[in-house]
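Novice: Here the protein sequences come in this chain order: A and B.
According to my numbering, the first sequence is numbered sequentially starting from 120.
According to my numbering, the second sequence is numbered sequentially starting from 3.
Think of the hints as simulated: they come from the structure by calculation, not from any bench.
Any given hint might turn out to be false.
Said to hold, decoys possible - Under the rule of at most 20 Å between Cα atoms (straight-line distance), these lysine to aspartate or glutamate pairs were calculated in the EDC-like manner: (1) K262/A to E7/B; (2) K262/A to D31/B; (3) K29/B to D427/A; (4) K262/A to E8/B; (5) K435/A to E197/B; (6) K204/B to D427/A; (7) K138/B to E183/B; (8) K162/B to E97/B; (9) K262/A to D37/B; (10) K262/A to E33/B; (11) K138/B to E188/B; (12) K262/A to E39/B; (13) K262/A to E349/B.
As the list claims (entries may be wrong) - Examples of chain A residues toward chain B, derived with CB under 7 Å: (14) Q166; (15) E342; (16) R423; (17) R425; (18) Q428.
It should be emphasised that the depicted structure is a prediction, and the values quoted were computed from it without experimental measurement.
C-beta: ideal position from N, C-alpha, C; glycine also.
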Amino acid sequence: MPGVLAGPPNVTTFLWLTVAALVLLSLILLYATYAIYVHRKLLGFMQSRLGPNRVGPYGLLQTIADAVKLLAKESIIPAQVDRPLYHLAPVIAFAPAFLVFLVLPWSSTLRFSDFAVGLLLYIAVSSLTTVGVLMGGWSSNNKWSLIGAMRSVAQMLAYEIPLIVSALGVVVLAGSLNLTDIVEAQRKVWFVFPQIVGFLVFAVAAVAELNRSPFDLSEAESELIGGYLTEYGGMRFALFMLGEYVYLLAMGALATALYFGGWYPLPIGGTLPGLDAVPGWIWFLLKALLLSFVPFWFHATFPRMRIDQLMVFSWKVLLPVSLLNLFATIVYRAFAA
Amino acid sequence: MLRTEEYVLNVGPQHPSTHGVFRIIVKLDGETVVDAEPVIGYLHRGTEKLAENLTYTQIIPYTDRMDYLSAMIGNYSLVYAVETLMGIEVPERAEYLRVIAMELNRIASHLVWFGTFLLDLGAITPFLYAFREREKIVNFLAELSGARLTYSYMRIGGVKWDIPDETWPARVKSFLENDLERTMQEFYDLVVGNEIVQARLKGVGRYDRETAIRYGLTGVNLRCTGVPYDVRRAKPYSIYDRFDFRIPVRSEGDLWARMNLRLEEIVESKRIVLQALEGLPEGPVMGKVPKLIRPPAGEVYVSVEMPRGEQGVYILSDGKSPHPYRIHFRRPSFHNLQILRELLIGENVANMIAILGGIDIVLGEVDA
Chain A
120 MPGVLAGPPN VTTFLWLTVA ALVLLSLILL YATYAIYVHR KLLGFMQSRL
170 GPNRVGPYGL LQTIADAVKL LAKESIIPAQ VDRPLYHLAP VIAFAPAFLV
220 FLVLPWSSTL RFSDFAVGLL LYIAVSSLTT VGVLMGGWSS NNKWSLIGAM
270 RSVAQMLAYE IPLIVSALGV VVLAGSLNLT DIVEAQRKVW FVFPQIVGFL
320 VFAVAAVAEL NRSPFDLSEA ESELIGGYLT EYGGMRFALF MLGEYVYLLA
370 MGALATALYF GGWYPLPIGG TLPGLDAVPG WIWFLLKALL LSFVPFWFHA
420 TFPRMRIDQL MVFSWKVLLP VSLLNLFATI VYRAFAA
Chain B
3 MLRTEEYVLN VGPQHPSTHG VFRIIVKLDG ETVVDAEPVI GYLHRGTEKL
53 AENLTYTQII PYTDRMDYLS AMIGNYSLVY AVETLMGIEV PERAEYLRVI
103 AMELNRIASH LVWFGTFLLD LGAITPFLYA FREREKIVNF LAELSGARLT
153 YSYMRIGGVK WDIPDETWPA RVKSFLENDL ERTMQEFYDL VVGNEIVQAR
203 LKGVGRYDRE TAIRYGLTGV NLRCTGVPYD VRRAKPYSIY DRFDFRIPVR
253 SEGDLWARMN LRLEEIVESK RIVLQALEGL PEGPVMGKVP KLIRPPAGEV
303 YVSVEMPRGE QGVYILSDGK SPHPYRIHFR RPSFHNLQIL RELLIGENVA
353 NMIAILGGID IVLGEVDA
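The shape of chain B in the complex, shown without the other chains (with noise of 0.2 Å):
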C-alpha cells in the first residue's frame, strides 16, 4: 500500500465556487475529504444590531442586502411582520403587485442558481443563458421599482410605486410565456438530459428526510427529502391561498433532485405571476398608515419562503419608541449550511464543489 500524507487546502474565501466570501479548511487525502469545516463570518454586517437603532421604514433596505437574490421576498418579510403587529390593511392591488414582484424575484434567483451551479460543475454556456433570461426580469423588476437588484419596493402598508405604464403587465406575460418558456426548454434539452451532468448529480450529496428536519433544513433543501414543506401552502401570507399553484417535491434527497425541484419552482412561479397578472385589480397601492411607525407593545414572528428556504422575521417591540427593541432574522442559507460538514466528509473535491453550489448559499444572508 501506498503511504499517502493528508494536507490541508483552504477552499476560499476568494475561490470562485464559494460563492462569495465562504471558506472551506478541508483536510484531503489525494482527492478525498477527510474533515472540512466551514468558516462563515467574512461580510458579517450586524444587520440586526443596526436593525435595532433604526426605523421600521428604515431597514428595508438592509433586509435587500441580506439575501440580494431575491430582494423582494426579504423585503416583504418585513413589512409583513411589522403589518402584523400593528394590524395594518394592505389594499388588495399592492397585495397583487407585491405576489407579482416576489414570485418573478424567485424566479430570477433560481436562474442565477441554476447558472452558477451549472459554473461549479465546468459548464459556461447556461450561466450565460440563464443570466440572459434574468437580465429581463431583473429589467421588470427595475420599471417597477427603481432599482436592479437592491428595490425596497415594499412599504409597510403597500408597495412604493404602482406599475410603470400600462403596457408593463402584457410584456411581463409575453416574456414568462415566450422567451423563459424557450429558455426552460433549452435548459432541459441541454443540461437536464445530458448524461454527464446526470453522472455528476445523481446520487450526490444524498441526504434523508430526518437529517434534513434535524438540521433545521428548509426550501429546496428539504422538500428533496420528500417533506412538502413550503411556507405559501403551510403558514399562507399575502393572497398565495387564491392562486393555483403545485409545491414541487422530490424524495432522492440529492443534488439530482435539488436540481430539478428549482427548475420546477420556477414553472410554478411562473403560473403564479400569470395568475396574478390576470386578476390584478384597480385600486390604490399604499394603505392608510401613520407617518412614524410605532407598534404596540408586543412580540411577532412570521416566517416567508424565500427561493432558499423559511425566512423567519422576530420583532420585539416596546410600544415606545419608533424602533424594534429586538429583531432577529432567521435566515434560510445560515440554516441549510449547517449539513454542509456532513455531506463533505468522504466526497472527493468535485463533489466538495457541487455539493456547495447544491446548498444554495447567499454569503449576504450566511453572515447577516
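Next comes chain A alone, as it looks inside the complex (with noise of 0.2 Å):
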C-alpha cells in the first residue's frame, strides 16, 4: 500500500485506494456488528442473564436485524432543529473514528500509510468526533442535549491532553512520531513494561475519550436521558453509535501500537518460530481486541462518574501524573544517552 501512495496520483491509484477503503470499511462494520453483539453477550453473562439469543444461531444475526430495523424507522427530524448542521453531525462523528485506522500499522508491511508523525495524525483526527458530538447536541435544539454536547467538550478536553502526554513518553522512548517505528522500537521488551503509569494514564484517559462508562456522561441516560443522542433517532442514531464502536477498536489498536508490541507476539525479548509463523496482522488484531474488550467490562462494573468529578480526576490526577511520567522517561533517556 505505502508503494500505491508514493506514487503520482492518477486513475490507477484512486482506484486502488478506493477500493482498500471499502474493503476497510466493510471489515470495520463487520467488526462493529459483532463488537455489539459480544457487548450485550457479555454483559449478560455478567448480568446473569442470556442475551441475545433468538435471531440466528446464538443469537448471532441480532445485531444486522438491528440494523435493518434501524434502517427501516422512520426518520423523525423535530422540527425546529438546525438542519445542516444536525445531519451532518453523525457523519462527522463516525468519519474520525473511520480516518484513523489510515496510520494504523498491522504488521511490518500491511498498512494504509506511513505517516511519519502518524501519531499526531491519530490524535488530532480523533478530536474532531467532539466537534460531530458538539454538533449534534447543539442543533437538537434540546436542552438536554445541549448540556450533553457541552459536557462532552469539557470531557475531551480535560481527557486528550493527559492521553497525549502519556502517549509522549512512547515517543520519547522510541523516539519517533512513526507508529511504524514505535512498534519496531519494541521487539526487545513491550513499552507497557517501561511505561506502566503512562499506560494506566493513557487508558484511563482513553475510556474517557470513548465516551465510554464510567464516563459516559454525554450521554448519561439517568441523568440527561441520552444526552446528545437525545433528538437522534434510527440510522442517524446508528451512525453515532456505530462511532463509538469503531473507535473503541480503533483505541485498541493504538494502545497496541504503543504499549503492547503491534504485531510481535512476545512480551519480551527474541522471537520464537512457532509463534512467528502466525502472521503479525492476526496478534495485532489480537491484541486490538482483548483491549477493546476491557471497557466492556468497564461498563458491567462501574456507575457513573460526576461531571465536577471527572474533571478534578483529570486535572489534579492524570495530568500530574502522566506529566511527571514523561520527566522520569526524559530523564532516563537523556542518561541512557
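Join these two chains into a complex; the hints should help.
Specialist: Spelled out as C-alpha cells, the structure:
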C-alpha cells in the first residue's frame, strides 16, 4: 500500500485506494456489528442473563436484524432543529473513527500509509469526534442534548491532554512519532513495562475519550436521558453508536501499537519460530480486540462519575501523573544516551 | 467573567429517574441548580375520597396501590387501624404470618430501591442483581397471597390464607440464609466498596437532625441523621416486641448513610423473618369477625413503619355506616419529599438525580 501512495496521483491509484477503503470499511462495519453482539453477550453473562439468543444461532444475527430495523425506521426530525448541522453531526462523529485506521500499522508490511507523524495525525483526527458531538447536541434544540454536548467538550478537552502526554513517554523512548517505528522499537521489550504508569493514565484517558462507563457523561441516560443523542433516531442514532464502537477498536489498536508491541508476539526479547509463523496482523488484531473488550467490562462494573469529579480527576490526578511520567522518561533517555 | 444565562429545565414527568410521574422544574446555571420546584399530582387517584364510599374490607386493595412496593405493610396499616377501633383479637399464627409477609416485603422494597438508586447513579448491573433476588421474594409472597405486587393479603382479624404448603417456611429460610446472604455480600464488595460510589454519595444531600425533624421526615431519611426513631420500636404493633432486632442508625445525614442504612435494614428484616419462621405457632389464621364490619362511633390513629417511613392511618367512624366517615393516610414519601427543594439548590444535575433517588419515593403514595 505505501507503494501506491508514494506514486504520482493517477486513476489507478485512485481506484486502488477506493477499493481498499471499501474493503476496510466493510471489515470495520463487520467488527462493529459483532462488537455490539459481544458487548451484549458479555453484559448478559456478567448480569446473570442470556443476552441475544433468538435471531440466528446463539443470536449471532441479532445486530444485523437491529441494523435492518434501524434502517427501516421512520426518520423523525424535530421541528426546530438546525437542519444542516443536525444532518452533518452523525457523519462528522463517525468519519474520524474510520479515518484513524489510516495510520495504524497492522503488521510490518500491512498498513495504509506510513506517516512520519502518524501518532500526531491519529490524535488530531480523533479529536474531531468532539465537533460531531457538539454539533449534534447544539443543533438538536434540546436542553438535555445541549448539556450533553457541553459536557462532552469539557470532557474531551480534559482527557485529551493526559492522553497525549502519556503517549509522549512512548514517543521519547522510541524516538519517533511514526507508529511503525514505535512498534519496531518494541522488538525487545514492550513499552507497557517501562511505561506502566503512562499506560495506566493512557487507558483511563482513552476510556474517557471513548465516552464509555464510568465516563459516559455526555449521554448519561439516568441524568440527561441520552444527552446529545436524545433527538436522534433510526440510522442517525446508529451512526453515532457505530462511531463509538469503531473508535473502540481504533483505540485498542493504538494502545497495541504504543504499549503492547504491535505485531510482535512476545512481550520480552527474541522470537519463537512457532509464534512467528502466525502472521503479525493476527497478533495485532488479537491484542487490539482484547484491549477493546476492557471497556465493556467497566461498563458492567462501574457507576457513572460526576462531571466535576471527572474534571478534577483529569486535571489534578492524571495530568500531573502523566507529566511526571514524561519527565522521568526524558531523564532516563538523557542518561541512557 | 463569562456571562451566563439561566435556563429552565423540566425534569420529568417522563424522565426515567423521577420514579414514576414526578416533575421538578429546575432553573439551571450551567449544570448548577439555582432553583427547583417539585410538582406532584400527576397520578392523583383520590384514594381517601374513594375510601369513604367503600366498606373497610373494600379499602384494602387501595392500600396495595399507594406504596405498591410494600403493599403488605400498607394492607396492615389499614387492618391494624380497624382492629384497634373495634378491639378485634387476631390469632397468633396470623400475627406471625403478617410479620413474615411484611418483613419479606420490606426486604423486597429495599432491594428495588437499591437497584434503582444505583441505576440513577449510572450502574446497571446492581439493578439486575437486586431484582433477581426481589423476584424470589415476590414468588414467595405470590405463593402466600396469590398476587405478585398488590397482595391484599391482610384481612381485618387475620390473614387471607395460611402458608401454601409445609415446605414454604424452609424454602424462605433457605433463600434468606443463602441467596440473599450471597447477594448482600456482592453488594458490599461491588457497590459499597466501590470508590466511585463513595465519591458520588459521601457528603451529598446532607442535612442535620433538626432539619429532618422540622420537615417531618421519617424512616431512613430521619434515621440517617442520628435519630433512632422506628415505629416498630417506638410504638410497637403486631408482635414486633417479641423479636430481637436492631434499629440501624447513622449520623452523617448524607446519601452514603441512607444507602448503608437501607442495606443494614435488609439484614435486620432478615433476622426478624428467621425468628418468626422459627416460632410460627399452629392455629387458625382468622379471628372472629362480624360479616359486615361496622365499627363503633369514634376515631383512631395508628402508625406503622413502612420501608419509606411512618405511615399513619386515621379513621373517623360515625358508628352507623359500614364505611369510614373520614379516612386519612399519612404517607411517608409525601412528607419526605418536602425537603427536596432545600436539598437541591446549589447542587448539580447529577447530584439532583442522586438526591431524589436517595429520598426513596413511591409516587403511588405521594399522589394518593
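Novice: Quickly compare the C-alpha distance for K138/B and E183/B to 20 Å and report which way the hint goes.
Specialist: holds (13 Å)
Novice: Within 20 Å, alpha carbon to alpha carbon, are K29/B and D427/A?
Specialist: Holds, at roughly 19 Å.
Novice: Check the hint pairing K262/A with E349/B against an upper bound of 20 Å on the C-alpha distance.
Specialist: holds (18 Å)
Novice: R425/A was flagged as interface toward chain B. Is the shortest Cβ-Cβ separation under 7 Å?
Specialist: holds (4 Å)
Novice: Checking one constraint from the list: CA of K162/B to CA of E97/B, max 20 Å. Satisfied?
Specialist: It holds: about 12 Å lies between the C-alpha atoms, which stays within 20 Å.
Novice: Need the status of pair K204/B, D427/A: alpha-carbon distance at most 20 Å?
Specialist: Since the Cα atoms of K204/B and D427/A sit roughly 15 Å apart, the hinted pair holds (cutoff 20 Å).
Novice: With a cut-off of 20 Å on the C-alpha distance, tell me whether K138/B and E188/B pass.
Specialist: holds (17 Å)
Novice: If you take the shortest Cβ to Cβ gap from Q428/A to chain B, is it below 7 Å?
Specialist: Hint on Q428/A: holds, closest Cβ of chain B at ~6 Å, below 7 Å.
Novice: K262/A and E7/B: Cα distance at most 20 Å?
Specialist: holds (13 Å)
Novice: Is it true that the CA of K262/A sits at most 20 Å from the CA of D31/B?
Specialist: This hinted pair holds, its Cα atoms lying about 12 Å apart.
Novice: Quick one, are K262/A and E39/B close enough, alpha carbons at most 20 Å?
Specialist: Status holds; Cα separation ~18 Å.
Novice: Verify the proposed pairing of K262/A with D37/B, using a straight-line Cα cut of 20 Å.
Specialist: holds (16 Å)
Consistency note: the structure conflicts with none of the earlier hints.
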